[in-house]
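Asks: Chain order of the listed sequences is F and R. Going left to right, the first sequence walks through residues 185 to 452 as the numbering used here numbers them. Going left to right, the second sequence walks through residues 11 to 290 as the numbering used here numbers them.
Simulated from the structure, these hints should not be mistaken for laboratory data. Note that this is a predicted model, so its numbers are computed, not measured. Hints are supplied without guarantee of correctness; some may be wrong.
No more than 30 Å apart at the CA atoms, straight line, and that leaves these computed lysine-lysine pairs for DSS-like [unchecked claim]: (1) R:Lys33 <-> R:Lys19; (2) F:Lys373 <-> R:Lys162; (3) F:Lys373 <-> F:Lys216; (4) R:Lys126 <-> F:Lys373; (5) R:Lys42 <-> F:Lys373; (6) F:Lys427 <-> F:Lys190; (7) R:Lys33 <-> R:Lys72; (8) F:Lys413 <-> F:Lys427; (9) R:Lys72 <-> R:Lys42.
The primary structure of each chain is shown beneath.
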Amino acid sequence: MSLGRKLACAALVLVMSASAAANWLAPAGYSKQYREATNAPPSHTHWLGTDEIGRDRFARVLYGTRISLLLAPAAALLSTLMAAFFGGLAGYLGGAWARTAMAVTDLFLSLPWLFLLIAARALMPLNVSPLISVLVTFLLLGLLGWTTAARVLCTTAASLRTSDFVRQARAAGLTGQRLFWMHVVPNLKPVLYAQFWISIPVFILSEANLGILGLGVAEPMPSWGSLLKELEGLVSVGEEPWKFAPLILLAVVVTSFQLLLSKQEEAA
Amino acid sequence: MAFKNSQEKTLLSAHISVRYADKPVLRAVQLKIQCGEVLGLVGQSGSGKSTLAMAILGLLEKKRTHTEGNIRFQDSELLQLSERELRALRGRAIALVLQSPLSSLNPALKIRTQLKEAWRAHASGTSEECMTAIRACMASVSLPSDDEFLRKYPSQMSVGQAQRVLIAMAVMHRPALLIADEATSALDVITQSEILALFRHLNRSTGMAILYISHDLASVAGICDRIAILHQGEIVECGTTEQIFTNPGHNYTQRLMAAIPRVLSAGANPQRKSEAAAAR
Chain F
185 MSLGRKLACA
195 ALVLVMSASA
205 AANWLAPAGY
215 SKQYREATNA
225 PPSHTHWLGT
235 DEIGRDRFAR
245 VLYGTRISLL
255 LAPAAALLST
265 LMAAFFGGLA
275 GYLGGAWART
285 AMAVTDLFLS
295 LPWLFLLIAA
305 RALMPLNVSP
315 LISVLVTFLL
325 LGLLGWTTAA
335 RVLCTTAASL
345 RTSDFVRQAR
355 AAGLTGQRLF
365 WMHVVPNLKP
375 VLYAQFWISI
385 PVFILSEANL
395 GILGLGVAEP
405 MPSWGSLLKE
415 LEGLVSVGEE
425 PWKFAPLILL
435 AVVVTSFQLL
445 LSKQEEAA
Chain R
11 MAFKNSQEKT
21 LLSAHISVRY
31 ADKPVLRAVQ
41 LKIQCGEVLG
51 LVGQSGSGKS
61 TLAMAILGLL
71 EKKRTHTEGN
81 IRFQDSELLQ
91 LSERELRALR
101 GRAIALVLQS
111 PLSSLNPALK
121 IRTQLKEAWR
131 AHASGTSEEC
141 MTAIRACMAS
151 VSLPSDDEFL
161 RKYPSQMSVG
171 QAQRVLIAMA
181 VMHRPALLIA
191 DEATSALDVI
201 TQSEILALFR
211 HLNRSTGMAI
221 LYISHDLASV
231 AGICDRIAIL
241 HQGEIVECGT
251 TEQIFTNPGH
261 NYTQRLMAAI
271 PRVLSAGANP
281 QRKSEAAAAR
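Just chain F, with the same shape it has in the complex:
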């Protein structure tokens, strides 16, 4: 493993461990307000200072990291399963099924991903509870983000359909269903794993984009997107550099994923 990958791995382990230990590292929670110390600079009690209503920024970054790092893989899992089902099945069935699936994915891909995401989210009610907002963001990312992976899986499944081992299994008398589940799906696994891991950083960034626009996870629940919203009114970088902590964390995590995933992308 190269030095870059080792560092990326260490960074991800550190960030994930810290977010998992948020309850222990920041026992007061992400929503507790210290009204006597609003907009406070970093101190030994508030390591990254407080926000404009006195919430501890370090606690919010930890909990926000937890939500973003749970939400993105969950959405990636949903989108990968959808891609496997629609893309894999269409590729395996071939003919009109494959052509229809390709047409649908082309339609999705012709629309800019972020525009589609924002438009779809804006169509839904914004005044919802934090938990519902997490669920909506997860479903949106998962339900809209499967098309690229579906194309890859459709092509892979189509080549598997004409492979020697599928022909041999068909000649052994296996039914279409058994052929799909026993002979096609296991051979899609490497592509599915690759698509799953590649989707995670994409969904982290997408959630951050939605959050910045106020369309992501609702207050008071933090996520990297909602934490980055704080940078909207920032005039000078040098004045309050600690406010950049979520942005730096986001950059580190996404870069680490990209470093670790270079081989997965080759497999896909």
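Could you slot chain R onto chain F? The hints should help.
Replies: Frame of chain F, contents of chain R only:
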């Protein structure tokens, strides 16, 4: 011979033409396979050998191909059967062994899983019954049937072992007809002779007829009772192995026989003789 009487009965009788779009691949091919015999189907690449095999198994893509005629197998007219009825025959009454053993086995599944799938396609029973059948099959093709071997993936086996596993899967339900489509073409000569001996053994011990498709005349001569010569989609000659090799009638068969490489001594080979003289 134990199955001499059964050889007199026709197992399969085909009279078919196949077209891919407007291109004829098989032209009124007539073929008969007797019970328990080994029939060789010889022809160069692209002559339609595999198309004939796929047509018998009902595995030609119906949208891309047009098949006319009839294929009578035992008491069934194969071209009239539904997909469900054909599936019930595939693997149970007619089995297939393909050319490349390593690509014909699923690389993502253990051998045991693939053998179980082949068994469950036409049988039901307990896991123990399934494993008993698998072990018997493995023994019939001279492969170990211990758990360590059955846990292997195709990539962990030699080509010869993989081909034997394929044959084990094919003969699991004691089919009446085994179609070996270039089944020894990808093997080295020693493995090839072992697999040919295995085919011959299975043919003699179970009475299973074999349609042995190949372009390798030496292997055909070693195993087949009769040989049919396929040229540009037509059967141009069909006869006993001895007849085809000693007294070929058709031009194409004569060219095939003439193309068999012969080992000559330097004295008997004019080219080698002149090369040897030049070297001196």
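Asks: Confirm or reject each hint.
Replies: Hints versus structure:
| no. | hint | verdict |
| --- | --- | --- |
| 1 | R:Lys33 <-> R:Lys19 | violated (34 Å) |
| 2 | F:Lys373 <-> R:Lys162 | holds (19 Å) |
| 3 | F:Lys373 <-> F:Lys216 | violated (44 Å) |
| 4 | R:Lys126 <-> F:Lys373 | holds (21 Å) |
| 5 | R:Lys42 <-> F:Lys373 | violated (44 Å) |
| 6 | F:Lys427 <-> F:Lys190 | holds (28 Å) |
| 7 | R:Lys33 <-> R:Lys72 | holds (15 Å) |
| 8 | F:Lys413 <-> F:Lys427 | holds (10 Å) |
| 9 | R:Lys72 <-> R:Lys42 | holds (24 Å) |
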